[in-house]
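Heads up: the sequence lines are chains A and B, in that order. To convert, count from 1 in the first sequence and add 170; that's this note's numbering. To convert, count from 1 in the second sequence and add 489; that's this note's numbering.
Read the hints as simulated data drawn from the structure, not as lab findings. Some hints here could point you the wrong way.
Stated by the list, open to error - Cβ pair distances, simulated, as ranges: (1) B/A925 x A/G504: 39 to 45 Å; (2) A/T195 x B/G775: 25 to 31 Å; (3) A/T514 x B/A925: 43 to 49 Å; (4) A/P362 x B/R771: 48 to 54 Å; (5) A/Q432 x B/G778: 40 to 46 Å; (6) B/L784 x A/P362: 53 to 59 Å; (7) A/T506 x B/A925: 39 to 45 Å; (8) B/S852 x A/P362: 49 to 55 Å; (9) A/S263 x B/T780: 31 to 37 Å; (10) A/I528 x B/Q917: 54 to 60 Å; (11) A/D304 x B/T541: 54 to 60 Å; (12) A/D304 x B/S852: 52 to 58 Å; (13) A/T195 x B/S787: 53 to 59 Å; (14) A/T506 x B/R771: 36 to 42 Å.
As the list claims (entries may be wrong) - Negatives, chain A to chain B, calculated, CB over 10 Å: (15) A212; (16) E272; (17) R274; (18) Q280; (19) H287; (20) Q289; (21) E441; (22) S500.
From a predicted model like this one, the values you see are computed outputs, not experimental measurements. Ideal Cβ placement from N, Cα and C applies to all residues, glycine included.
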Amino acid sequence: MAPTKQDKTVRVKDAQGAAPSQRPTVLELRGVSCVYGKDRPAITDISLAAQEGEILCLLGPSGCGKTTTLRAIAGFESVSAGEISLGGRLVSSPGFRVPAEERRVGMVFQEYALFPHLQVAENVAFGLQHLSRDAQQAQVRHMLELVGLPDLARRYPHELSGGQQQRVALARALAQQPVILLLDEPFSNLDPDMAGKMRQDLHDLLRHTKTTTILVTHDHDEAFAMADRIAVLNDGRLEQMDTPEAIYHTPSTPFVADFVGQADFLPGTIEDGRVTTEIGEFPVHTAYRGGRNVVVMVRPDDVHIAPLVNATAYIQARLFHGSENLYTISLPSGRTVHSSEPSTTVYPVGTPVELQVIATHTVLFDRSRNHLPSS
Amino acid sequence: MTSATASLRHTLPHPLSLLALGTACLLALPLVYVCYLALTADPAIWFRLWTTRLPELLSNTAWLAASVAAGTFLLGVSLAWVVVRYDFPGRRMWEWALVLPLAMPTYVLAYVYSHVLGLGGPAEQILQTLAGPGARVMSPHSYAGATLVMILDTFPFVYLLTRAALLNFNVSFDEVARSCGASRLRRLLGVILPLLRPAIVAGLSLVILYVVSDFGAVSLLRYQTLTYAVYQQLTGRYDTGAASVLSILLVLFALLFLAAERWFRERSRFYQTSGRYRSLERRPCGTLGTTLITLYLSLVLGAAFLMPAWLLVRWSSSALLQGAVDARFFGFVWNSVLLSGLAATAAVLIGLPLAYLACRRPSRLHLLCLHTAYAGYVLPGPVAALALLVLFSQLAPWWYGTALVLVLAYVVHFLPAGLQSLEPALQQVNPNLEEAARSLGESPLRVLRRITLPLIKNGFLAAWVLMFLQSMKELPATLLLRPVGFDTLAVRVWLEASEEYYQLAAPSALLIVLLTLPALWLLVAKDWRAA
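Model the full assembly from the supplied sequences, consistent with the hints where possible.
Structure below.
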């Protein structure tokens, strides 16, 4: 039982230099619900908070309500219950909504929404009407340098590449020094190589400018790479809010476990503080408060295999991923588990193998209370 | 794909290319000839026109175009805004109904209005009961009258294009402006209207193109424009030199606005988001809002379509009672159908190889042939007539005055409209389908018959119907080129209306309006997006 959930949170705090709790809260949602039309809930009872300078990621499948949450924060959707505060000011509650144009939020849309009739500089200056002309120009120059496009001020949006358009959209959103930056699937319109590079650049930029950011995505890799904390949403509800490491290693629901990475679920029974499954025995976490019949979550990187002539499990399939080999192992019961092996470890399909499960932390779900993802 | 094209090159009959080249030359001949006539005209003609008619004609045409553009801008944009941004009972019906005025040829609307606004007409009677016997309404035979009629007839162009652009408007633009702190007015003036600009300008260019080349309305309302002057030079003075000089100015006008329309349409591509986006939200209307909107829409549609259509129906029924719908009338119907049918069939047969070659084997020659076929676009009816008139009287006088010349004029004039529905139909047929059939052992000709033709059947039919109905309501070329005593419906409307026999003109006019409706449906349904 090496690093627990608690330990990881502490490590992240250290990396940032100050504990999030010591910094002022910029955004707070208290029990927020939104409905589409009549009684069709889009999100239900969402509570979360973001501290200054924090990058918070809303993660979930399409239709889970993450974009609705973002739009409620921006002021484009009304809330049917709960409250939203932004920078210490109440901005949304049932029947009350500060209009989006008075919230000072910076928003980057999925398709960037750069005004096609305005040049890059005019786009970036769009939210700076209150400043003098000189101040506007200075701010535009500063923003374009910040996003690394100082020479493109006179271009029109259709003359830019996808990555450049995204940077301009970012510069436009940040130019008005928003209370909070909202990003809606910012990388989904870029090709994968570009997205990887932009992810890194954006992360550096947000850290550098200490911008409080809410990022919406359906891609857990993106969330892991960008976020200080991740809020996983499913079916309009908040399933778990935690650091990326905790979300991955100690998911609080089977849905989270399955959504943020490959996971196998094996039935087991608790006896004397240990849980027995088909592939071995594991210690039960002291925090577990459920029934005796459980399922154990196993990730491929926890399972290692070695060929053994008399073994009852065997290799059903191998998928080569470049940096790893993902084996599908068939167990005597007919269930399968997955194992991640180094790129160069190649066994032929059909090889009988012995399983070694190195679980530093056991993740258990009560079988009677949890609906398991089908896999 | 290139290898397949190469193999086609060996198997397709080479004469097809020659045929395409030949037809393209034939189609371009009128335009080339008009230019030739104008450029070789006696400089004295240029000088005489310049010192006498031309300044007035140019300023009349320009003023009419400008005022109609301004009017259609206000009507078209406001109507599109109302039906896209607001929700009120009957909205879907109105969205369709606002296109109906396009079914009224300008000469029909002009003739209805010259009665309604004319001396002792209904408008004057109403005004006199309200304001006393001395009151006069504006004369329809004036700049104002021509402007009114043309606005009512052409605002749907602006309405249609603006509506489509508004429906395609990505609400993210509005939202991002809000998150930048922009007020409602600033968003309207700084974001929404500028983004609609290409669509609006494209619509206005179409309107101006239409106004500049219109003959029906200006001739009935006796408002002197370039097109009308060309006709007068040809009929009154039989001065082909002067007519060609005026024509080339018209062609230049038309080219200018056609180019503008193309350019802005192309530009509007940049202004629309591809892929997924959310549209603007409609605002629901209360009772007052619904009443005001319905009043406005009824007023516009009533003036542009319902009232004229109702008058036509009333006049037609009294003409029917007087026995005006007799064998002679059915003779005119037959003449119209015969000419239009011949023209549409010929145009489809000519257009298909051109479109096919340009689409499947887009060599420079084939593309040139196709573009040449579009030359008819910049030839207003009287100009096309002028060219053919002079050409035939000099080269083939024995054909002059036969229906053949008229059919040829229709083909030159309306082939572009047909090509616009043939071309996309062909482009939508994936060449892989033809190649798959080839790989299954079919010869190119059988592939054409079994694969290509069945797949483009609808576009083919649409092109035929469009050209048939356009020819049906064509007026100036028919007036100038028809064989003696060979009247069509359009000609009858114009002749009777010129003599102010409103009731006698009505059955022909009504029939033309009714027949134009399917063409309108074809035109609009192609780009219609239900909201």
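Hints versus structure:
1. Judged by the Cβ atoms, the range 39 to 45 Å given for B/A925 and A/G504 holds: they are separated by roughly 44 Å.
2. Between A/T195 and B/G775 the beta carbon distance is about 41 Å. The supplied range of 25 to 31 Å is therefore violated.
3. At roughly 44 Å, the beta carbons of A/T514 and B/A925 sit within the given window of 43 to 49 Å.
4. A C-beta distance of roughly 38 Å is found between A/P362 and B/R771, which places it outside the suggested range of 48 to 54 Å.
5. Here the CB-CB span from A/Q432 to B/G778 is close to 56 Å, at odds with the stated 40 to 46 Å.
6. Between B/L784 and A/P362 the Cβ separation comes to about 56 Å, which falls inside the hinted range of 53 to 59 Å.
7. For the pair A/T506 and B/A925, the supplied restraint of 39 to 45 Å holds, since their beta-carbon distance comes to about 41 Å.
8. Hint check: B/S852 to A/P362, Cβ distance near 39 Å, so the stated range 49 to 55 Å is violated.
9. For A/S263 and B/T780, the hinted distance range of 31 to 37 Å is satisfied, since their beta carbons lie about 35 Å from each other.
10. Evaluation of the 54 to 60 Å hint for A/I528 and B/Q917 yields a pass: the beta carbon distance comes to about 58 Å.
11. For the pair A/D304 and B/T541, the supplied restraint of 54 to 60 Å holds, since their beta-carbon distance comes to about 59 Å.
12. Judged by the Cβ atoms, the range 52 to 58 Å given for A/D304 and B/S852 holds: they are separated by roughly 57 Å.
13. Taking 53 to 59 Å as the suggested C-beta distance range, the pair A/T195 and B/S787 conforms, at roughly 56 Å.
14. With their beta carbons about 51 Å apart, A/T506 and B/R771 fall outside the hinted range of 36 to 42 Å.
15. At roughly 14 Å, the least C-beta separation between A/A212 and chain B is larger than 10 Å, which holds for a residue marked as non-interface.
16. Here A/E272 does not stay apart from chain B, with its beta-carbon only about 7 Å from theirs, under the 10 Å limit.
17. Listed as outside the interface, A/R274 is inconsistent with that label: its C-beta sits roughly 7 Å from the nearest C-beta of chain B, within the 10 Å cut-off.
18. Look at A/Q280: its CB is around 8 Å from the nearest CB on chain B, not clear of 10 Å, so calling it non-interface is violated.
19. For A/H287, the non-interface assignment is contradicted: its Cβ lies about 4 Å from the closest Cβ of chain B, within the 10 Å cut-off.
20. Non-interface call for A/Q289 relative to chain B: holds, since the shortest CB-CB distance, roughly 13 Å, exceeds 10 Å.
21. With a minimum CB-CB distance of about 52 Å to chain B, A/E441 clears the 10 Å threshold, and the non-interface call stands.
22. Every beta carbon of chain B lies more than 10 Å from that of A/S500, the smallest distance being close to 41 Å; the non-interface claim holds.
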